[in-house]
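Enquirer: Please model the complete structure; the sequences and the hints are all you need to start from.
Residue numbers (the numbering used here), protein chains in the order written: chain A, 1 to 340; chain B, 1 to 340; chain C, 1 to 340.
Hint data in this document are derived by calculation from the structure and do not stem from the laboratory.
Some clues are possibly wrong.
Below, computed lysine-lysine pairings styled on DSS-like, alpha-carbon distance capped at 27 Å [unchecked claim]:
#, chain 1, residue 1, chain 2, residue 2
1, A, 226, A, 292
2, C, 323, B, 292
3, A, 45, C, 259
4, B, 330, B, 313
5, B, 329, C, 323
6, B, 330, A, 323
7, B, 313, B, 280
8, B, 325, C, 325
9, C, 292, A, 323
10, B, 310, B, 259
11, B, 339, B, 329
12, B, 330, A, 330
13, C, 325, A, 313
14, A, 313, B, 330
15, C, 339, A, 330
16, B, 323, A, 330
17, C, 323, A, 329
18, B, 325, A, 310
19, A, 193, B, 259
One-letter residues, chain by chain:
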Amino acid sequence: MQLKLSRIAEVTEGNLEGDGSAVIHDVSEIQNAEEGEITFLGNPKYEHYVQETNAEAIIVGPDFSGDYKNLIRVENVSLAFSKMLDHFRPSPPQPEPQIHPQATVSENAILGINIYIGPNVVVEDEAVIENGAVVKANSYIGYKARVGANSLIHPRVTLYNNCAVGENVIIHSGTVIGSDGYGFTRTQEGIEKIPQKGGVVIENNVEIGANCTIDRGTISNTRVGKGTKLDNLIQLGHNVEVGQYCFIVAQTGIAGSTKVDNGVTIAGQVGIAGHVKIGKNAQIAAKSGITKDVPPNTTMFWYPAREHSKARKDIVNIRRISKLKERIKKLEQEIETMKG
Amino acid sequence: MQLKLSRIAEVTEGNLEGDGSAVIHDVSEIQNAEEGEITFLGNPKYEHYVQETNAEAIIVGPDFSGDYKNLIRVENVSLAFSKMLDHFRPSPPQPEPQIHPQATVSENAILGINIYIGPNVVVEDEAVIENGAVVKANSYIGYKARVGANSLIHPRVTLYNNCAVGENVIIHSGTVIGSDGYGFTRTQEGIEKIPQKGGVVIENNVEIGANCTIDRGTISNTRVGKGTKLDNLIQLGHNVEVGQYCFIVAQTGIAGSTKVDNGVTIAGQVGIAGHVKIGKNAQIAAKSGITKDVPPNTTMFWYPAREHSKARKDIVNIRRISKLKERIKKLEQEIETMKG
Amino acid sequence: MQLKLSRIAEVTEGNLEGDGSAVIHDVSEIQNAEEGEITFLGNPKYEHYVQETNAEAIIVGPDFSGDYKNLIRVENVSLAFSKMLDHFRPSPPQPEPQIHPQATVSENAILGINIYIGPNVVVEDEAVIENGAVVKANSYIGYKARVGANSLIHPRVTLYNNCAVGENVIIHSGTVIGSDGYGFTRTQEGIEKIPQKGGVVIENNVEIGANCTIDRGTISNTRVGKGTKLDNLIQLGHNVEVGQYCFIVAQTGIAGSTKVDNGVTIAGQVGIAGHVKIGKNAQIAAKSGITKDVPPNTTMFWYPAREHSKARKDIVNIRRISKLKERIKKLEQEIETMKG
Chain A
1 MQLKLSRIAE VTEGNLEGDG SAVIHDVSEI QNAEEGEITF LGNPKYEHYV QETNAEAIIV
61 GPDFSGDYKN LIRVENVSLA FSKMLDHFRP SPPQPEPQIH PQATVSENAI LGINIYIGPN
121 VVVEDEAVIE NGAVVKANSY IGYKARVGAN SLIHPRVTLY NNCAVGENVI IHSGTVIGSD
181 GYGFTRTQEG IEKIPQKGGV VIENNVEIGA NCTIDRGTIS NTRVGKGTKL DNLIQLGHNV
241 EVGQYCFIVA QTGIAGSTKV DNGVTIAGQV GIAGHVKIGK NAQIAAKSGI TKDVPPNTTM
301 FWYPAREHSK ARKDIVNIRR ISKLKERIKK LEQEIETMKG
Chain B
1 MQLKLSRIAE VTEGNLEGDG SAVIHDVSEI QNAEEGEITF LGNPKYEHYV QETNAEAIIV
61 GPDFSGDYKN LIRVENVSLA FSKMLDHFRP SPPQPEPQIH PQATVSENAI LGINIYIGPN
121 VVVEDEAVIE NGAVVKANSY IGYKARVGAN SLIHPRVTLY NNCAVGENVI IHSGTVIGSD
181 GYGFTRTQEG IEKIPQKGGV VIENNVEIGA NCTIDRGTIS NTRVGKGTKL DNLIQLGHNV
241 EVGQYCFIVA QTGIAGSTKV DNGVTIAGQV GIAGHVKIGK NAQIAAKSGI TKDVPPNTTM
301 FWYPAREHSK ARKDIVNIRR ISKLKERIKK LEQEIETMKG
Chain C
1 MQLKLSRIAE VTEGNLEGDG SAVIHDVSEI QNAEEGEITF LGNPKYEHYV QETNAEAIIV
61 GPDFSGDYKN LIRVENVSLA FSKMLDHFRP SPPQPEPQIH PQATVSENAI LGINIYIGPN
121 VVVEDEAVIE NGAVVKANSY IGYKARVGAN SLIHPRVTLY NNCAVGENVI IHSGTVIGSD
181 GYGFTRTQEG IEKIPQKGGV VIENNVEIGA NCTIDRGTIS NTRVGKGTKL DNLIQLGHNV
241 EVGQYCFIVA QTGIAGSTKV DNGVTIAGQV GIAGHVKIGK NAQIAAKSGI TKDVPPNTTM
301 FWYPAREHSK ARKDIVNIRR ISKLKERIKK LEQEIETMKG
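Expert: Written out as C-alpha cells, the structure is:
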C-alpha cells in the first residue's frame with residue numbers, strides 16, 4: 001500500500017520537487033495532513049495552509065509559486081489526487097454477480113451476463129439488464145426499461161417503463177427516472193391530464209446524483225447527453241434535452257422542453273424556464289433564474305438573469321442608491337439656495 | 001390504429017379545414033412531424049414551424065390565422081392532442097389485480113376488491129386499500145393509512161400512519177406523505193421535538209409528482225384539495241392547506257400553516273412563508289418568495305414578491321441606475337459651473 | 001385520558017389563572033378549539049383568535065396580556081403544548097423488536113438487542129445496528145454502516161457504506177446518506193470522476209427530514225453535529241460540517257466543504273456556496289444566497305446576501321427609484337430654466 005514519492009510522481013505523470021525516497025502511506029486534506037501523508041492544493045483559497053500543514057508532500061498545479069519540502073507538480077491536480085485516493089483508500093467490496101433470491105425478476109426480462117440484481121429489486125416484463133450491470137437493493141426497473149452495460153444503479157432507484165439508461169452510467173439512490181411530465185390543461189370540469197407517452201434516454205457515462213427527478217417526454221424522449229454529470233435533487237421536466245459533458249449542480253430545475261447545449265455548466269439552485277435554449281459552453285451562476293435563450297459561451301447571473309458583468313453592476317448600483325439619494329437632496333438644496 | 005382526418009375531427013370535436021380522407025398513423029411534435037403524422041400548435045413560440053413541418057395535419061386553436069394543408073381547429077388544443085396521444089401511443093400494460101406473494105400485508109389491513117399490491121409493498125395494520133387501487137412495488141402504506149378507490153401509487157412511495165389518500169389520485173415514485181412536521185423548540189438543554197400528531201389528507205383526483213414531501217399536521221391535518229396537481233420535489237410543511245384545482249410546479253416549498261385558496265397557480269422554485277394566505281386564483285411567478293398574504297386574482301413576482309407589474313418596474317429601474325448616476329453627475333457639474 | 005386543569009398546570013409547570021376543576025379531554029388549534037379542549041397561543045399573529053375561540057383553556061407565554069376564562073401561563077408555550085399533545089393524542093403502535101423474516105440481513109452484520117428490522121430492509125456485511133434501534137421497511141443499510149442505539153430509521157432510507165448514524169437520531173423516509181460527493185474534473189477526454197472515499201457522520205440526537213441528500217466526504221467525513229434538526233429536501237455537499245443544535249429548514253442547499261458553526265439557523269430555500277464559514281448563532285433568512293463567510297451572531301438576507309438591515313434598505317431603495325427619477329427630472333428642468 002505504501003508508495004515512495006518517486007513512484008507517485010510517475011503514476012501521476014508529475015514532476016517531483018523534493019525527496020523521491022519519502023514514503024507515503026495515506027492521503028489527507030491539506031489542513032489535516034500529517035507526516036507520511038500526501039495532500040493537494042486544488043483551491044487557491046487554501047494556499048495559506050501550505051505554511052501550516054504537516055503533509056509529507058503536496059500535489060500542486062503549474063501555477064503554484066510557493067515553497068514546500070516535497071512537491072509534485074502536475075497539469076491537473078484533481079486528476080492526480082484522484083489516483084492517490086484510488087490507491088490509498090479501499091473501495092467497498094463490489095457485489096458478486098448474482099440474481100439475489102429476494103429479487104423479483106420477470107421471466108420475460110432480458111438479462112445479460114455478469115450482472116448483479118440485489119434483494120427486493122423488481123425487474124418488470126421485457127426490461128433489459130445488460131452485461132456487467134449492477135442494480136442494487138430495492139430498486140425498480142419498469143416494463144421495457146433498459147440498464148446499459150456496466151452501469152451502476154444504487155439502492156432505491158426507480159426507472160419507469162420504456163426508459164433507457166446507457167452504458168457506464170451511475171445513478172444514485174432515490175432518483176426517479178420517467179415519472180409523468182407535468183402536463184395538464186384546464187377544462188370546464190376542472191383539470192385534465194395530458195398523457196405522457198414519451199420516455200427518458202440517459203446516454204453513456206452519465207452520472208446522476210441522489211433523489212433527482214427526470215420526467216418522461218410527452219411524445220418523444222427527455223434526454224441527458226453523454227458524459228453529463230448531475231448532482232442531487234435536480235428536476236428535469238418533460239422533453240428537456242441536456243447535451244454532452246455538462247455539469248448541473250444540486251437543486252437546479254429545468255422546465256419542460258428546454259434545450260441545453262454541450263459543455264454547459266449550471267450551478268446550484270438555478271431555475272430555467274421552459275422552451276428556452278442554453279447555448280454551448282454557457283455558464284449559469286448559482287441561484288440564477290433564466291427566462292430567455294442564453295447565447296453560447298455566456299455567463300449568466302441573478303434573477304431575472306443577465307450577462308454576469310451586467311448583473312454584478314446592477315447589484316453594486318443597488319447598494320449605491322442611498323448615496324445617490326443624498327446627492328439628489330444636496331442638488332435640490334443648492335437649487336433652492338440659488339433660486340432663493 | 002390508423003384514423004382518417006375526418007374521424008379525428010369528430011373525436012376531437014374540431015372543425016376540419018382540409019382533406020378529411022388523409023390518413024394519420026402517429027403523433028409527433030411540430031418540429032419533427034412527418035407525412036402521415038398529426039401534430040399540434042400549442043405554444044405561439046412554435047408557430048414558425050408551421051412553414052417547416054411535414055406533418056399531415058395540425059391541430060390549432062381558435063386564434064390561429066396561418067395556412068396549412070390540413071388543419072383541425074378546436075377550442076382546447078391540449079385536450080384534443082391528449083386524445084390523439086391516447087389513441088396512437090399504447091400505454092404500458094396495467095398490472096392484473098393481485099396481492100403479490102412478495103408483498104407484506106398485515107392480516108389486519110382492510111382490502112377492497114380488484115386491487116393490485118406489488119412486490120415488496122408493506123401494508124401495516126388497519127391500513128385500507130380500497131377497490132381498484134394499485135400500489136406498486138416497494139411502497140410503504142403505514143398503520144391506519146388509506147389508499148382510496150382507483151388510486152395509483154407508483155413504486156417506492158411512503159404513506160405514513162393515519163394519512164389518507166382519496167379516490168382517483170396518482171402519486172409518483174419517491175414521494176413521502178406524512179413525515180413529521182418541522183416542529184421544535186429551543187430549551188435550556190438544547191432542542192426539544194414537538195410531537196406531530198395530525199395527519200395528511202389528499203383529496204380526490206389529486207396528482208402528486210416524484211420525490212415530493214408532504215408533512216403531517218401537528219394537531220389537525222395537512223390537506224391538498226380536490227383536483228390539485230403537484231409537480232416534482234415539492235415541499236408542503238405541516239398544517240398547510242392547499243385548495244382545489246391548484247397548480248404547483250416543481251421545487252416549490254410552502255411553509256407551515258399557510259393556506260392556499262382554490263384555483264391558485266404557483267410556478268417553479270417558489271417559496272411561501274408560513275402562516276400566510278394566498279387568495280383564490282392568485283398566480284405566483286417562478287422563483288418568487290412570498291412573505292405576506294396575497295389577495296385573490298393577483299399575480300406576484302420576485303423576492304420579496306410584489307404585484308407583478310411593480311416587480312417588473314423595479315427590475316427595469318435597477319437596470320437604469322447607471323444612467324441616473326450620469327444624470328446626477330451632469331447636474332452636479334452644471335451646478336458647479338453655475339456657482340462658478 | 002381526561003385531565004383537570006389544575007393537574008395540567010402541574011404537568012406543564014405553569015401558573016393557572018382560572019378554574020382548576022375544569023376538565024380537558026383533547027387539544028386543538030386556537031381557531032378550531034371547542035369546549036373541553038385546551039389550546040395554545042404560540043404566535044402573536046393568532047392573538048385575535050382569543051376573542052373567538054371556544055377553548056376551555058389557553059396555554060400562553062409570560063408576555064400575554066389579554067384576558068380569558070382559563071389561562072395556563074408558562075415559560076415555553078411550545079414545550080407545554082408538546083406535553084398535552086403527547087398526553088391526549090396517541091402515538092401509533094411501536095413495532096415489537098424483531099428481525100422481520102422478509103428482511104435481508106448479512107450474517108456478518110453486528111446486531112444489538114431489542115432492535116427492529118422491518119420487511120425488505122437490507123443490512124449489508126459488517127453493518128452495525130445498535131441496541132434499541134428501529135430500521136423500518138424497505139430501508140438499506142450499507143457495508144460497515146452504523147445505526148446508533150435507539151435511533152429510528154423510517155421506511156425507505158438509504159445509508160451508504162461506511163456512514164455512521166449516532167444515538168437517538170430520527171431519519172425520515174426517502175433520505176439518502178452517503179451518496180458520492182459531486183467531484184469531477186474536466187480532462188482532454190471529457191470529464192473524470194474524483195473518487196469519494198470519506199463517509200458521513202450523523203451525531204447523536206439529530207433529526208433529518210424526508211428526501212434529504214447528504215453526500216459522503218471526499219477524504220474525511222461530511223458531518224452533522226449533535227442535536228441539529230434538518231427539515232425536508234435538504235442538500236449537504238461533500239465535506240460539509242454542520243455544528244451542534246442548528247436548524248436547517250426545507251430545500252436549503254449547502255455546497256461542498258462549507259462549515260456551519262453551532263447554533264446557526266438557516267431558513268428555507270437558502271443556498272450557501274462551497275468553502276465558506278457560517279459563524280456561531282448566525283441566522284440566514286429564507287431564500288438567501290450566501291457567497292462569503294458570515295460572522296457570528298449575524299443575520300443575513302437576500303441574494304447575494306448582506307447583513308439583514310442593509311439588504312432591507314436595498315429593497316426599500318429599489319422601490320424608490322421611480323421617485324428619484326422624478327426628482328432628477330425636475331432638477332434638470334429647473335437647471336434648464338435657470339440656464340434659460
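Enquirer: Now look at each hint and say whether the structure bears it out.
Expert: Quick rundown of the hints versus the structure:
1. A:226 to A:292: holds (25 Å)
2. C:323 to B:292: Distance ~24 Å between residue 323 of chain C and residue 292 of chain B Cα, so the pair holds.
3. A:45 to C:259: holds (14 Å)
4. B:330 to B:313: holds (25 Å)
5. B:329 to C:323: Status holds; Cα separation ~18 Å.
6. B:330 to A:323: holds (16 Å)
7. B:313 to B:280: holds (25 Å)
8. B:325 to C:325: Holds - the C-alpha atoms of residue 325 of chain C and residue 325 of chain B are around 10 Å apart, at most 27 Å.
9. C:292 to A:323: Cα-Cα ~24 Å, so holds.
10. B:310 to B:259: Holds: residue 310 of chain B and residue 259 of chain B sit about 24 Å apart, inside 27 Å.
11. B:339 to B:329: The hint holds at about 15 Å.
12. B:330 to A:330: It holds: about 14 Å lies between the C-alpha atoms, which stays within 27 Å.
13. C:325 to A:313: Between residue 325 of chain C and residue 313 of chain A the Cα gap is close to 19 Å, so the pair holds against 27 Å.
14. A:313 to B:330: Distance of about 20 Å is within 27 Å: holds.
15. C:339 to A:330: This hinted pair holds, its Cα atoms lying about 19 Å apart.
16. B:323 to A:330: Satisfied, since the Cα-Cα distance of roughly 19 Å is no more than 27 Å.
17. C:323 to A:329: holds (12 Å)
18. B:325 to A:310: holds (16 Å)
19. A:193 to B:259: It holds: about 25 Å lies between the C-alpha atoms, which stays within 27 Å.
The structure shown violates none of the earlier numbered hints.
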